[in-house]
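K.L.:
Chains as they are written, first to last, in this note's numbering: chain B, 4 to 456; chain C, 4 to 456.
Misleading hints may appear alongside valid ones.
A pair counts as met if it fits within one copy or between any two copies, since identical chains are not told apart.
Stated by the list, open to error - Subject to a maximum C-alpha distance of 25 Å in a straight line, what follows is the list of computed SDA-like cross-link-like pairs (lysine to any residue): (1) Lys-30 - Ile-312; (2) Lys-395 - Asp-104; (3) Lys-151 - Gly-17; (4) Lys-195 - Ile-120; (5) Lys-266 - Gly-383; (6) Lys-343 - Leu-178; (7) Lys-366 - Pro-106; (8) Lys-395 - Gly-152; (9) Lys-91 - Ser-113; (10) Lys-195 - Thr-177; (11) Lys-262 - Arg-149; (12) Lys-195 - Phe-230; (13) Lys-195 - Leu-178; (14) Lys-195 - Glu-227; (15) Lys-343 - Lys-395; (16) Lys-9 - Phe-36; (17) Lys-395 - Ala-452; (18) Lys-274 - Thr-296; (19) Lys-195 - Asn-179; (20) Lys-289 - Gln-108; (21) Lys-262 - Tyr-105; (22) Lys-266 - Arg-149; (23) Lys-395 - Thr-119; (24) Lys-9 - Ala-143; (25) Lys-8 - Asp-249; (26) Lys-395 - Pro-106.
No lab work stands behind these hints, which were simulated from the structure alone.
Protein chains: 2
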Amino acid sequence: MADIKKIFDNPQSGEITVSGWIRTLRKSKGICFIALTDGSTSDNIQIVAIEEQTRDYDRLTSLLTGAAITVRGNLELTPEAKQPFEIKLSEYTVLGDCPSDYPLQKKNHSPEFLRTIPHLRARSNTFGNVFRVRSEAAFAIHEFFREKGFFYVHTPIITDSDAEGAGEMFTVTTLNPCTENNANYDDDFFGKHASLTVSGQLEGEYLALALGKIYTFGPTFRAERSFTARHAAEFWMIEPEMAFADLYDDMDIAEAMLKFVLKRLLERCPKELAFFDKFYDNGLTKRLCDVSTAEFARCSYTEAINHLIAAEVDFEYKPEWGIDLQTEHERYLSETVFGKPVFVFDYPKEIKAFYMRQNDDGKTVAACDLLVPRVGELIGGSQREERLDILKARMSELEMDEAAYSRYLDTRRYGTVPHAGFGLGFERLLMYVTGISNIRDVIPFPRTAGSIY
Amino acid sequence: MADIKKIFDNPQSGEITVSGWIRTLRKSKGICFIALTDGSTSDNIQIVAIEEQTRDYDRLTSLLTGAAITVRGNLELTPEAKQPFEIKLSEYTVLGDCPSDYPLQKKNHSPEFLRTIPHLRARSNTFGNVFRVRSEAAFAIHEFFREKGFFYVHTPIITDSDAEGAGEMFTVTTLNPCTENNANYDDDFFGKHASLTVSGQLEGEYLALALGKIYTFGPTFRAERSFTARHAAEFWMIEPEMAFADLYDDMDIAEAMLKFVLKRLLERCPKELAFFDKFYDNGLTKRLCDVSTAEFARCSYTEAINHLIAAEVDFEYKPEWGIDLQTEHERYLSETVFGKPVFVFDYPKEIKAFYMRQNDDGKTVAACDLLVPRVGELIGGSQREERLDILKARMSELEMDEAAYSRYLDTRRYGTVPHAGFGLGFERLLMYVTGISNIRDVIPFPRTAGSIY
C-alpha cells in the first residue's frame, strides 16, 4: 500500500490501493467524488466512484467526513484537470465509520476550539501542516549540526541545580504535597530536591569540553505564570556548544544554522509554506527565501542603542544604554534599521548571565542575540567566561554560592579553553517559519499555566 | 582550525593548526611527543616538538595530562610509522593548564569512580566512545524513520494521565511537599495533578491517526526504586506508530530499523566499535554485522513456550503457558533455539496491556517482543485494538475508568483504522551495540533511585 505523498511525488497510471480518511464526499447523479487523505501530505487524493460500476455504492456515498476506507482502483493521469490525477474506484472497504458528531467538519474552526481537541486537531489542514513542518525542521537541525561535526547529546531533564537561575522551576517528587506533613526531601526519590531543567547549557558545556562540539535538542521547562501567546511551560530547545570557539564563531554557526533550516524547509515543505503564506502570513515564503540568502547584519549593543535613540519613533520603553532591549526595539532594529536579521552583540554585563565572557572594556560581555523581523529575538548566545579567576570574581560580585558550581569551576581548572554556544527555542523558530502567532498552536499538546489539555 | 577527525579522514601534508587537550606527553632527550585530542574522534593526533626548534620548550614539556593547547606545525605523512602522520610543532599557545590533581590521569579508572565525575568522564576513552556512538545512533534513527515517511513528533513530557498505568510516576508540581499543609492540586500550576510521562504512546496514536506514520524520540520517566544495572529513572524512548498497519507490518519495521541502525554504526563508528569489541565485549563487531544482515526469526508465544518446556535447561522460572517470559527464557530462545534475534508474538492477553488487539482465539493479543542474544527483550510492540466495542469490553473487564480514556476512545469512534507501533528503549539499544552492561554508563548524566550525580 502506498503513502499518498509518494503517489503525488511520482504518479504512475495503473492499479493501486490506498487507505485514508475522507475529507469531503460529493455526490452527483450516478457519480461520487471523494477527497482522501492519509496524513502523509497536505494533498488529498481524488477518488471517483461510478454508481453503476461500484458494488455497495449507497454505503459508500453514505459515509461522512472522517470515515476511513481502503480503495482499490485505477490511477489515471488527468493533465487537463485541476488535480494531476485521480483514482477510478473499482472496490472499497470501510475501515471505520465516522458519525455526524465528529468535531472536525469541513468548515473552519477557531484555533481556540481546536485547542480543546488536541487529540484530533492534527487532522485539520492547519495543524497537519504545522506538524509536518515541525518534523522537517527538527530533522534539518540534526542534519546541520551533524554535517558540522557536532555530537547530539542528551542533557538531563531532572536536575538538582538551578542552572542559570533563570525563572521558576517545577519540582519533581514522589512525595505528596497534598497529604503529607513535615515531609523531607531526604525521603524523596533522589534523596534531595529535584527540578525540571530550564536549560541544558551547563551540562552542554561539560560535554563540549570533552567532545569538542555538541548540541542538545530536548524539552525544557518554565513554571512561569505567563499567559502570553509566546510562553509555554514545556518547550523544546536547541543548545549547541563549541570548544575552541569565540563569539564570532558562535554568530557564524547560528547564522549558518538558521539559513540551512530555512533552505531545507523551502525545498521540502513548499506546499505547507504556501498554505501558511496564504492563510496566516502573507509574503512568508518570499521572506524566508530572502533571509536564507541574506548576509545577516552585526551591530554592537552600543551602536544599536544609538540607532534607537536617533530613531524618530515613540517607543513605549525609552532606549538608553544599559536597558534590556524590548521586542519593539528588536523589531525596529531588524525591520527598519537593517531590514534583515541582525546580531546585536557585546551587551552590558548587568543585564546578562554570570557565565558570559567579560570584555576588556569592563562594562560589556561577549553575548549576542539574533533579532529577526516580525519576531524579535530568535537566538541568544555568548562566549563563556573560561578564565577561572574572572569567573569567580563575577560570581562573588553576584553573591553566588561557589560550592553549588564546583563542577562548573572544575572545567575552568582542568584544561580550560575558549568556548561559546547559543540557545534557540524550537517553537519560536516554528512560529517564525509558519507565521502562526500562538505558541500553543505549534506544539502538539501544549502545557501552559492552568492548562493541560 | 580543523577538527582532528577531519584530519584523520583526509590527512594532507603541510602547514596546519590544531587545538586540543593533552592525553599524554612523553619526553626523550631533546624531543617530546604529545598525544592530542579535541574530542571529535577517538584518535589522538601525534605532535612532535624538537627542543632546539621550540620556543619555551620547557614550558611545553611541563604541561600535564588534561592541559589545553593550540599547536601550529607541519603535518607530515609517516606511512612507515605506527601512526599514519604526525605534526612537527613550530609554535604553540597554552589555552589552559591542568594541575596534577586532575582526576582523569592516564591510568584506567573504574566505572564507579567515573560516575562520580560525570562532568569530566566524557573525556575518557570509554565515555567519549559511548557518547559518539550515542549521537550516531540517534541520527540513524531519525534517518531511518524519515526515509520511511514517518513524521517526528514531540509528545508531552508533563501529563495529567497515567498512560498505560505502567509503573510509578513522578509528580510535577509548584507546591512544596515539605512545608505546606493541606495544599490542594487545584492551587497547583496546572490546576490539577501532573506527572512526568512514562510513554508517549497514547498521544503517538492520536498523531498517527492524523499524520499516518509518526515516531517519538524523547525522555520518559519511571519512579521505580530499582537498583539494577538495567533501570534508570530517566531514559529516552523511541515509539513509532503507524496507521493502516498490522502486527506483521510492525515487526517488519522494527526489524528494518534495527538493521539500519546497526549498518550505519558499523559504517560510521568502526573505531568506537572496535574499542568496545576489544575492552568490553569480545566479538561485538562480528555479532552486530551478522545481525544487520540476518533474517530475524518469528515464533508465536505458544511455540516459544513449547521450546522452553522441551529444553533440557534448569530454568529458575519454570516455563508454562501464561507466564511472562523472563530474561533467562528470552536469552535461551534467541541464543540457543534460534541463534539470532527472534520476534515472539501473540502473547496471552492477561500479561499484556489493555490496548493490544485481541486475536480471534479469545486468549491472545497481537503483541510482539523482539528478543536478542545476550540482552533479551529489546523492542516491545503491538497492533492496537481499533474496535470500539471490543476495546470498551476489555477496559470494563479490567475495571478501568472509561471517562479517563474518552480521547483514546474518540479515535475509535471517528474513523478508526488498524494501527500498530512499538517502543525501543534507546539506552537498551546502546547497551546492546556497545556491550556496556550498566545503563548508568550509556547516559551522560544518569538519574537513578537515590542518586542525581
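K.L.:
Evaluate each hint against the coordinates.
P.N.:
Structure-based check of all given hints:
1. Lys-30 - Ile-312: neither (65 Å within a copy, 61 Å between copies)
2. Lys-395 - Asp-104: Classified as between; 20 Å across copies, 64 Å inside a copy.
3. Lys-151 - Gly-17: Answer is between; shortest inter-copy Cα gap is 23 Å, intra-copy 44 Å.
4. Lys-195 - Ile-120: between (38 Å within a copy, 18 Å between copies)
5. Lys-266 - Gly-383: Close inside one copy (21 Å), not across copies (38 Å); limit 25 Å.
6. Lys-343 - Leu-178: For Lys-343 and Leu-178, neither the intra-copy (51 Å) nor the inter-copy (44 Å) Cα distance is at most 25 Å.
7. Lys-366 - Pro-106: Neither: 58 Å inside a chain and 36 Å across chains, both beyond 25 Å.
8. Lys-395 - Gly-152: neither (32 Å within a copy, 51 Å between copies)
9. Lys-91 - Ser-113: neither (35 Å within a copy, 68 Å between copies)
10. Lys-195 - Thr-177: Intra 11 Å, inter 16 Å, cutoff 25 Å: intra and inter.
11. Lys-262 - Arg-149: both (15 Å within a copy, 21 Å between copies)
12. Lys-195 - Phe-230: between (31 Å within a copy, 17 Å between copies)
13. Lys-195 - Leu-178: Result: close both inside a copy and across copies, 11 Å intra and 16 Å inter.
14. Lys-195 - Glu-227: both (23 Å within a copy, 16 Å between copies)
15. Lys-343 - Lys-395: Answer is neither; intra-copy 38 Å and inter-copy 56 Å both fail.
16. Lys-9 - Phe-36: within (21 Å within a copy, 57 Å between copies)
17. Lys-395 - Ala-452: Result: close neither inside a copy nor across copies, 36 Å intra and 33 Å inter.
18. Lys-274 - Thr-296: Cα proximity of Lys-274 and Thr-296: one copy only (20 Å, versus 38 Å across).
19. Lys-195 - Asn-179: Both, since 15 Å and 13 Å are each at most 25 Å.
20. Lys-289 - Gln-108: Close neither inside one copy (32 Å) nor across copies (55 Å); limit 25 Å.
21. Lys-262 - Tyr-105: neither (41 Å within a copy, 41 Å between copies)
22. Lys-266 - Arg-149: Answer is both; intra-copy 17 Å and inter-copy 18 Å each pass.
23. Lys-395 - Thr-119: between (49 Å within a copy, 23 Å between copies)
24. Lys-9 - Ala-143: Both, since 20 Å and 22 Å are each at most 25 Å.
25. Lys-8 - Asp-249: between (44 Å within a copy, 21 Å between copies)
26. Lys-395 - Pro-106: between (59 Å within a copy, 21 Å between copies)
Hints 1, 6, 7, 8, 9, 15, 17, 20, 21 from the earlier list are contradicted by this structure; the remaining hints agree with it.
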